[in-house]
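> Sequence:
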Amino acid sequence: MISLFLLHKTLIASYLVNISDNVPPQSGLNEKNIPEGLIIELSKSIFKEVNFSAYPLARALETTQKEKDSLLFVSRTQERENNFYWLDKIYSTEVYIYVNSGWIKKNGSSLNNINNLGVIYGSSLIQILKQKNFRGEISTVYSNDQNLKKLSSGRINGWIEGQIIAEYIIKKEKMSSKKFEKIGPIFENYTWIATSIKSNEKFIKQSKKMIEKFKKGEDYKVILKKFSAKNV
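Everything in the sequence shown is counted per our numbering, starting at 1 for the first residue and increasing by one.
Derived by calculation from the structure, the hints in this document are not laboratory data.
Every residue, glycine too, gets a C-beta built ideally from N, C-alpha and C.
No false leads were slipped in.
Computed cross-link-like contacts, BS3-like style, restricted to lysine-lysine with a CA-CA straight-line distance of at most 25 Å: (1) Lys150 / Lys172; (2) Lys48 / Lys226; (3) Lys225 / Lys171; (4) Lys226 / Lys89; (5) Lys68 / Lys205; (6) Lys221 / Lys209; (7) Lys198 / Lys48; (8) Lys89 / Lys225; (9) Lys226 / Lys178; (10) Lys230 / Lys48; (11) Lys221 / Lys208; (12) Lys174 / Lys225; (13) Lys149 / Lys106; (14) Lys89 / Lys130; (15) Lys44 / Lys208; (16) Lys209 / Lys44; (17) Lys209 / Lys68; (18) Lys149 / Lys182; (19) Lys225 / Lys213.
Quick list of simulated restraints, FRET-style, between CB atoms: (20) Lys221 / Gln131: 27 to 35 Å; (21) Gln131 / Arg155: 23 to 31 Å; (22) Lys213 / Lys68: 20 to 28 Å; (23) Gly108 / Lys213: 43 to 51 Å.
Working from the sequences, and respecting the hints, build out all of it.
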């Protein structure tokens, strides 16, 4: 669901930041092809010297896992646990299932009353659904714009996503929030900054120090408030 890949170039002085381009407002590319979003602003504030390029979620996970001294903003799951060194939590957001207006009155609010649920391909939410014994079909797409359109047209019963992303997409597509209802929150999703287990000790120590220092400052609260995320 959420990705940011940072490749260490010179000792914490400069980073190449590869972002997922399909999870605005957390990270994405605007009309001018310039990276923007919550993760972008956090990266600039924490690591100072950064350059950005778009990168698919699955590829970012794979590359960060294989290469030492690289970083990733991502949800922590049991499936990913042993593949990364988890530096620190950076923010959280509530996750809901969005359904069309009137659906809850007719069908109830149980997760397993949903037959077909939309989710981003490669998202940690897929594993969460399996852990919650979701029995319906999981329909994966590469952008949340597609999930919203499929939901509004009735091709899926529900769409699971973090509140920050879902409500941004609804507004972006110029749809009224009254057209949809929310089930949940299903759970609280935490985004972590992680690195490869192959990363050297000096890189890990310095990265953790920079993150911890940033979280004590005022900019941390200001950035999270701007995007309606919670500090952790």
